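Chemist: This is what each chain is made of:
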Amino acid sequence: MINKLISAGFGGQGVLLLGQLVTYAGMIEDKHVSWMPSYGPEMRGGTANCNVIVSSDPVGSPVVTNADAVIALNGPSLDKFEKTVKPGGKLFINSSIVEKKAKRKDIDVYNIPASEMAIKFGNSKVTNMVMLGAYVTATAVVTKDSIMIGIKKFLGKSKAHLIALNEKAFDAGAKLVR
Amino acid sequence: MINKLISAGFGGQGVLLLGQLVTYAGMIEDKHVSWMPSYGPEMRGGTANCNVIVSSDPVGSPVVTNADAVIALNGPSLDKFEKTVKPGGKLFINSSIVEKKAKRKDIDVYNIPASEMAIKFGNSKVTNMVMLGAYVTATAVVTKDSIMIGIKKFLGKSKAHLIALNEKAFDAGAKLVR
Amino acid sequence: MKGNEAIAEAAIKAGCRYFFGYPITPQNQIPEHMAKRMPEVGGTFLQAESEVAAINMVYGASGAGARVMTSSSSPGISLKQEGISYIACAMLPCVIVNIMRSGPGLGGILPAQADYFQAVKGGGHGDYRLIVYAPASVQEAADCVMEAFEASDYYRVPALILADGMIGQMMEPVEFKPITKRKQPPKDWAATGNDGTKPRAQINSIHIEAEKMSAVCKGLQCVYDKIAAKETQYEEFMMDDADICIVAYGTTSRIVKNAVKKARELGIKAGLIRPITVWPFPSEMIAKATEKCKAFVAVEMSTGQMVEDVRLAVNGAKPVLFVGVTGGMVPTPEMVLEELQDIEEGM
Amino acid sequence: MKGNEAIAEAAIKAGCRYFFGYPITPQNQIPEHMAKRMPEVGGTFLQAESEVAAINMVYGASGAGARVMTSSSSPGISLKQEGISYIACAMLPCVIVNIMRSGPGLGGILPAQADYFQAVKGGGHGDYRLIVYAPASVQEAADCVMEAFEASDYYRVPALILADGMIGQMMEPVEFKPITKRKQPPKDWAATGNDGTKPRAQINSIHIEAEKMSAVCKGLQCVYDKIAAKETQYEEFMMDDADICIVAYGTTSRIVKNAVKKARELGIKAGLIRPITVWPFPSEMIAKATEKCKAFVAVEMSTGQMVEDVRLAVNGAKPVLFVGVTGGMVPTPEMVLEELQDIEEGM
Amino acid sequence: MAVVFKKSNVITDVPFHYCPGCTHGIAHRIVAECIEELGMKEKAIGIAPVGCAVFAYKYFDIDMYEAAHGRAPAVATGAKRVHPENLVFTYQGDGDLASIGAAEIVHAAARGEKITAIFINNAIYGMTNGQMAPTTLIGQKTTTSPLGRDPELCGSPIRMSEMLATIDGSAYIERVSLHDVRHINKAKKAVKKAFEAQLAGKGFTMVEMLNNCPTNWGMTPVESIEWMKENMIPVFPLGVYKEVQE
Amino acid sequence: MAVVFKKSNVITDVPFHYCPGCTHGIAHRIVAECIEELGMKEKAIGIAPVGCAVFAYKYFDIDMYEAAHGRAPAVATGAKRVHPENLVFTYQGDGDLASIGAAEIVHAAARGEKITAIFINNAIYGMTNGQMAPTTLIGQKTTTSPLGRDPELCGSPIRMSEMLATIDGSAYIERVSLHDVRHINKAKKAVKKAFEAQLAGKGFTMVEMLNNCPTNWGMTPVESIEWMKENMIPVFPLGVYKEVQE
Amino acid sequence: MARVIIDKEACKGCGLCEIVCPKKILVLSESELNKKGYSPIEVTDMSLCNACCSCAKMCPDFVFVIEK
Amino acid sequence: MARVIIDKEACKGCGLCEIVCPKKILVLSESELNKKGYSPIEVTDMSLCNACCSCAKMCPDFVFVIEK
Ligand SMILES: Cc1ncc(C[n+]2csc(CCOP(=O)(O)OP(=O)(O)O)c2C)c(N)n1
Ligand SMILES: Cc1ncc(C[n+]2csc(CCOP(=O)(O)OP(=O)(O)O)c2C)c(N)n1
Ligand code: SF4
Ligand code: SF4
Ligand code: SF4
Ligand code: SF4
Ligand code: SF4
Ligand code: SF4
Ligand SMILES: [Mg+2]
Ligand SMILES: [Mg+2]
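Chains as they are written, first to last, in my numbering: chain V, 1 to 178; chain U, 179 to 356; chain P, 357 to 703; chain A, 704 to 1050; chain Z, 1051 to 1296; chain X, 1297 to 1542; chain H, 1543 to 1610; chain S, 1611 to 1678.
Next up, chain V with everything else stripped away, as it sits in the complex:
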């Protein structure tokens, strides 16, 4: 098994963290993993993205060229990475702020109004969690349990009160693709 993901959006939308959570969950499940951002977060605005590989064999190149899935949190990400999804792969779009539709017909496209849902939950920062819920559920690369372990670790003690919110957002995303 090898699963390659690209998670992309504006800097600040949490696309890197999204990828890290998948990576961490993979590690928990004793898989070989790699996570590689397209850049360190030196710049805001612009498009940030990361390449995630979860695999039963040791990871060769950490660079994703034929993605099993792409998560696009904003318009420019869709423009840039739609073509990278391999035929039969999955494309997750944050339809709240991406106006364009996907053009590819040979892939599964999921339009998730993630930003709107996040705002409904009262915190636009969990947009990525909605997307993550949808992605994990639709692909089953890792389990929700593993993801939650990661979320708890990343939030730490000082932000433990946010765990529930994150889970709610995750579940909302999950529900949309079930």
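Keep in mind the hints are simulated off the structure, nothing from the lab.
Careful: at least some of the hints might be erroneous.
Keeping only pairs whose Cα atoms sit at most 25 Å apart, straight-line, the calculated PhoX-like set for lysine-lysine is [said to hold, decoys possible]: (1) 1437(X) x 337(U); (2) 574(P) x 1354(X); (3) 303(U) x 337(U); (4) 1482(X) x 1678(S); (5) 1303(X) x 1634(S); (6) 915(A) x 1578(H); (7) 1566(H) x 1550(H); (8) 1191(Z) x 153(V); (9) 1108(Z) x 80(V); (10) 101(V) x 1577(H); (11) 1354(X) x 568(P); (12) 175(V) x 101(V); (13) 258(U) x 1634(S); (14) 80(V) x 915(A); (15) 1678(S) x 1354(X); (16) 80(V) x 1566(H); (17) 279(U) x 1634(S); (18) 278(U) x 1645(S); (19) 1645(S) x 261(U); (20) 1525(X) x 1489(X); (21) 568(P) x 258(U); (22) 1108(Z) x 921(A); (23) 392(P) x 1191(Z); (24) 1485(X) x 1339(X); (25) 1678(S) x 1303(X); (26) 100(V) x 175(V); (27) 103(V) x 1566(H); (28) 543(P) x 1339(X); (29) 1108(Z) x 1578(H); (30) 278(U) x 1618(S); (31) 648(P) x 625(P).
Values in this document were obtained by computation on a predicted structure and should not be read as measured data.
Here the structure of chain V is known, so what remains is to put chains U, P, A, Z, X, H and S with the ligands in place on it, guided by the hints.
Modeler: Only chains U, P, A, Z, X, H and S with the ligands this time, still in chain V's reference frame:
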């Protein structure tokens, strides 16, 4: 004709200027010349020296290995360069402050009490001129006239009053080898 | 763990207790990790006012006998060149990390391998060398750092970890192995305050007389020769029966491995020699490969730097080709494969 | 005239009106000459607070459209590496002079040729090149400076004068020839204040997207290829019937010439190829010489740097030997002769 | 109806990449309006730093440079010496001006270089994600002072305006803050004065602006404005530190 | 008969390479005697600069470094952090400390680095043969200001003691002069105070010493002493600029 | 009468204008999102605006044009 | 009684001690030269010396040892 000189002494004794005057005189006499210090005067104390070549043909390497003449203004210079004089060449020693004697027998050695003479003229700075007078006179590489043109140029207007003193020192050196 | 964090933690595991650095992407997790961890282990993390200051603090701390590290990325490493040259001449051990980004100039913060020349030929002035490790995974980055400290102390030659930005930013699992200690000579040359029981320390790089300076250079050269003989490291991958030998280091080598596998599927007998130390460079191994291989390909994220060392090693025996992308682009297995197919057709 | 003075005066003759520098032996006569002459010709001499500031002032003045120069010696040139990389990326023309002294470290102030790698492979980070002139006499130093300004403006690539300390300190007669002007493209990219009649200036070296940065690197590469094709300069000396080809540059080449003449007297057919530009390097000429010559010898004041370029050019066709002294020592014709005799015996 | 406020024509149409609520944008506006109001648009040359304002060269619609980290004053010197009649300014963060570029700013002042430094003091390294700056407050947590800045370990915040005011070549130095409209208006006056002093050839000029960095302070923009006012101003007193008359 | 003066045991037997009458030698003596008198010979670490004092590492009979030009404070920082209980000092010229090393000295002060800088201000670059220093006086002729330093072109002399005194981390800063015996005695007291403040952990300390450079000023040693007194002291007033009590 | 013209796509929803408006007529949208994913600023009651330009001076992103 | 011991070879003939000696008993030699080529300092009348050490404190080159 090719004539190679090494002029050496403490930094501050004017060994570089001595070499420059020979070079300049050579140029005036339409010869090919090169002047190369062993270092820029970044350091005081220690031994400064310069390599001078005056030649009827274009100068190849500016580095003097077999010197026609060596001028040693201090003890360390004698130690260092005595061996560089080619057989039959000339060695000029500032005997005022160099205690050792030359060891070589296959060369002409001139012991010139240059520092003492300079002090007698009231200015220890003309030590190099005494040596220069001896060197030019003994070797006839260039003429005194050419040297004097150089001296005038180097002293410039502001120090024109020192021309006579320099000439006196030069002549004193010359007299010793005539 | 992120590559940068693994590098920082490995240094601590190797006994590094002093870190002087200045922020620059994409290596910030190194100083940040150090800022957190050093107080915990009784060490000192200090953010210097600049890269120039940082490398000179390294000079100071290393001269005082400590294990010390600094890290930066391309433009910052350029600023350290004078200091590195001083450290090399004064024969002070230390570890310098360059998480390369794209250049020249401010360039971009995406990964590159365009500082190869600077690292292996000497970006600073004068005749000197660094021991240069080029890890290809987070695990190897950690391993190299530990080894770098040991080797640097042993030879009194500064060591450089030359990692592309991907190694620094990537997350992979890492296991910190116990350090392989060498029998180290005592640091009796260090400035610690002198009670007269040993000659006093004179940490220095000025030698005004040619004879002296020349002797110093020759002394360094001897050490470098020893290092070249003993410290060269590389990995071979599918080289046993390879017709085409690819040479690549760092993340690029992982992409090349994918390409080699694909090539094999297509019946092209490709193999990889991956330098782990890029100085000393595994020239001998490559030279040996000329006996069996029909062609060589250097793959780099640069416009062609390591390829010169491959050419020098191959020395005209076989053709040497070059595949490179730069400016933050990453080569794809497909690009490499295409080149391999072209060669195969030509053969 | 001293080499340093000739270099400074040649710059003025070439229209250079801005000089920013910081004192360092053995190049001080360059800033000192500039300090005297610039006010006379309506130019500006400014002593910067450091080499780092000086190279960035050059960035500023060149970006403003001026002909500008800076000079230093080895340690100071190391400090300029970041700035040089920026200038290269922003494609700003300028002339940089390195009067090399011995290194590494503070080293000595005696002449050396140990900054060759730094000059031709890129001492700074990233993929860039400088046009590097290596004059062998005071006259040639002056000529090279003039040409450097023209070539640098023409290609928008910084030029470096790589001279050993002897060239800088030596006095030889010099004649300033009228400058050979090139048809220069207008400096419409310069920052002068913008009245809206042309696109505004954006002097810059950051390109955050890989595609953009990669395009910039490729653009530079194209220019470098052009320079390599058009600007390579060298001198041949007694190469017509040479069996042994020596390659040497700068003052070393003059010593080699003496050695060649002596060798000829002994019946050894030696010849010299003297690169005048060391980047671009006269590789083609050397490669051609492999057809006739039986062996090559690189002679340098270093522990072996240019010899790599000779090896790359010879590419295994014939043996390449190396004679080098370093640390401020100067090779003697005798040393070279001995090597030639050894080769002759071996042949 | 007349337009009473619109974007200065010295600002381009490229949207700022700054984080929401980052006062870098306000500083840009002030500088642009001063240039416009002084009628110097065609004569202005700006030098962007390395820092969050690295792309300032895209935002000011005048001839611009992007300088190496900390070296903007040297670049400005080069430019100004070639075009002495132009208005030349640098725009630098606290990491850029007070840390790596400390020598360059000190010597631009010492030379009495006729340039203006717009100094954005946000007590942190914004662009590289929140490391300690020389201006970071005692106790302030940053990624490289995770336990809060400890003066024993790494000293106290440096006050550049006070320091540079001791130098003869400096002609106008003022510290302002961008935390509310009144102070923003003051800041604009300061920039105009500095520009005027530059154009009058009086010497080196600088306006230090206290700025926020909500992202790396870990606050909302509104919280950050409050923090700035409460915590920064006591450490960095506002006011004119140097004004050469003549 | 008792010996009332002899060479300090902190000075080696290597003869100084300084020019005749150069006060670098006096400064060396003062520093050495203070180390000896404080009983710190075995705990002292000195950092020589690049400048005429480049060979200071040969002259002080203690553990010594030779640092890169201007970087002695950074080197001292590295050494002091490793050996916090030692007495660490730099010995730097005005080119070294005030020009190329301006950032390093400012930040050593800002960090409150517990080191002492012995700052030799001779208003010129001695070692490289007489170029202008940041401390060169207005009108003073040097090889790079052949017409005399012109403030319009290159500013006025920088006063480092005054400048560094504005920085919180500095604990003791005094300017002294070596032009006569009385002032030499004062200079020694200043060095001892600075060393003591360092050892008490108070912060950064510096003693700026006005020195001569007969060679590059183009004077006899005796003339140079007179010139120093007449011309340098008015521009660089003597006195204590910072003294932190506690 | 004054008019505040808002470029919603330029707004980053920072809320700085909100705190400086003397008339308290600026609020962040609770329903809308612009293309950058921010809730943009809105005017609640334009008639109260006095064209003081405080919002425009505080806004880091040139969202406002103000007419009077 | 005081004694001034002079290391003539160390002296560089700068004359600084000469100007600070309160007793004016130090003068540069008019006849002698040391190995470095300098005219070294000499004491004209040792009996006048008060061992004030001014010379030693002013001398940059440790020429003096002073006894009392
Ligand atoms: C030589 C060099 N060192 C370090 C960096 C990395 N770097 C980029 S911006 C920056 C600091 C930014 O902080 P500041 O100047 O305060 O500006 P801000 O982002 O806070 O506005 C640093 C260290 C660099 N680009 N170049
Ligand atoms: C990086 C670098 N730049 C320049 C030099 C050359 N250099 C040597 S000493 C010196 C200045 C000396 O002046 P100062 O610091 O005032 O000391 P002084 O000789 O006057 O005591 C310079 C510029 C150098 N060695 N290294
Ligand atoms: S990181 Fe801070 S300074 Fe930079 S744009 Fe964001 S808020 Fe502004
Ligand atoms: S050059 Fe000047 S500072 Fe240097 S030793 Fe001579 S007199 Fe002293
Ligand atoms: S102009 Fe004044 S009153 Fe009108 S919206 Fe803006 S801040 Fe409020
Ligand atoms: S200040 Fe500007 S960016 Fe911020 S909320 Fe108001 S309009 Fe939007
Ligand atoms: S000790 Fe005093 S009196 Fe005696 S020689 Fe020296 S200065 Fe003169
Ligand atoms: S001060 Fe010292 S060196 Fe100078 S003359 Fe007197 S004894 Fe000699
Ligand atoms: Mg900042
Ligand atoms: Mg000085």
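Chemist: Has the given pair, residue 574(P) with residue 1354(X), been kept, meaning a C-alpha gap of at most 25 Å?
Modeler: Answer holds: residue 574(P) to residue 1354(X) is near 23 Å, not above 25 Å.
Chemist: Does residue 1645(S) pair with residue 261(U) here, judged by a C-alpha cut-off of 25 Å?
Modeler: 22 Å, holds
Chemist: Measure nothing beyond the straight line between the CA atoms of residue 101(V) and residue 1577(H); if it is 25 Å or shorter, mark the hint as holding.
Modeler: 14 Å, holds
Chemist: Under the criterion that the straight-line Cα-Cα distance not exceed 25 Å, is the pair residue 1108(Z), residue 80(V) satisfied?
Modeler: Holds: residue 1108(Z) and residue 80(V) sit about 23 Å apart, inside 25 Å.
Chemist: Hey, residue 279(U) versus residue 1634(S), does the alpha-carbon distance stay inside 25 Å?
Modeler: 39 Å, violated
Chemist: Does residue 1108(Z) pair with residue 921(A) here, judged by a C-alpha cut-off of 25 Å?
Modeler: The given pair, whose Cα atoms are some 23 Å apart, holds under the 25 Å limit.
Chemist: Holds or violated: are the alpha carbons of residue 258(U) and residue 1634(S) at most 25 Å from each other?
Modeler: 41 Å, violated
Chemist: Please work out if residue 1485(X) and residue 1339(X) have their alpha carbons no farther apart than 25 Å.
Modeler: 20 Å, holds
Chemist: Can you confirm whether the C-alpha distance between residue 392(P) and residue 1191(Z) stays at or below 25 Å?
Modeler: 11 Å, holds
Chemist: For residue 1354(X) and residue 568(P), compute the direct alpha-carbon distance and say whether it is at most 25 Å.
Modeler: 15 Å, holds
Chemist: Residue 80(V) and residue 915(A): Cα distance at most 25 Å?
Modeler: 15 Å, holds
Chemist: Going straight from one Cα to the other, do residue 278(U) and residue 1645(S) come out at no more than 25 Å?
Modeler: Holds, because 11 Å separates the two Cα atoms, which is no more than 25 Å.
Hints 13, 15, 16, 17 and 27 from the list above are not met by this structure, while the remaining hints are.
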